Amino acid sequence: MKNFSLTSALIMTTTATVVTMLIAAPMLVQPSPAMALPRADREIDGGGNKQNVEASGQPASRKPLTQGLIRQEIKFTDVPRKGGGDADVNSKKGRQTDVSVKTSNLVNHGNHLTIDVTYTIRERAKNYTHLERSETVTLPAPSGSCIVTFGTNKINANYYNPFFGEDHNWYNISNAKNINNSYFEALSIRFDGKGNDDTGNAQLDGTIAIPVKLKKCG
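This note's numbering puts the first residue of the sequence shown at 1, with every later residue one more than the last.
Because the hints were derived from the structure by calculation, they are not lab data. On a predicted model such as this, the values are computed, not experimentally measured, just so you know. It is possible that some hints are incorrect.
Here are the in silico distance ranges between beta carbons for each label pair [what the hints assert, rightly or not]:
#1 K93 with K216: 55 to 61 angstroms
#2 G165 with H112: 38 to 44 angstroms
#3 T118 with N172: 16 to 22 angstroms
#4 N111 with F164: 44 to 50 angstroms
#5 D205 with N158: 18 to 24 angstroms
#6 Y171 with G85: 23 to 29 angstroms
#7 G218 with G195: 50 to 56 angstroms
From the three backbone atoms N, C-alpha and C, an ideal C-beta is built for every residue, glycine too.
Sequences and hints are given; from them, build the entire structure.
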């Protein structure tokens, strides 16, 4: 009865006084037993659907995240012909060969990532041989882990370089512009050799390494 008397006294106070009290001293409402959190079998969504929730006096604990790199080797041991008069790049003195390596479409699938890699070679003379290969690379997360964030501080590879003269060499381009800050941790390429180049002369060899934060699944 004591609480009801206090309530009656407040109701009799003028409207101006009540407004002043609410502005000057906001009231913190403590939950009473009647305001208890819903049980797991309580209907709470207003539509008669039972929600799978658990009542607790504390916030749910967050599962710890681990940070690291997910790595995957990638090898193109052949690069198919896509256009031009033949499959022979035929680099030699006075000629130019354009080479590009790009990544795109990095996607998180929960327990793995996928990324597209495209390697392109174009002969800039005679019959304009065009070799190209594009693959979707899968990078699995460690067993039992789910990927929360990915790719931080790295960008898609967007390498382009013209090469001049005869050139049958391998090139380590890991530190080249638009590779050294990309999802490639290491990358080497070869674009020409003797004869046709679509069945083994043109190759790509590298490692993709993507920064991630992981949590335990389930």
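Evaluated hints:
Evaluation of the 55 to 61 angstroms hint for K93 and K216 yields a pass: the beta carbon distance comes to about 59 angstroms. Our hint of 38 to 44 angstroms for G165 and H112 holds, since their Cβ atoms are close to 42 angstroms apart. A beta carbon spacing of about 20 angstroms between T118 and N172 agrees with the range 16 to 22 angstroms that was offered as a hint. The beta-carbon spacing between N111 and F164, approximately 46 angstroms, falls within the hinted interval of 44 to 50 angstroms.
Look at D205 against N158: about 19 angstroms separates their beta carbons, and that is inside 18 to 24 angstroms. Distance hint for Y171 and G85: a CB-CB separation of about 25 angstroms, consistent with the stated range 23 to 29 angstroms. The supplied range of 50 to 56 angstroms is met by G218 and G195, whose beta-carbon atoms lie about 54 angstroms from each other.
Of the hints listed earlier, there is not a single one the structure fails to meet.
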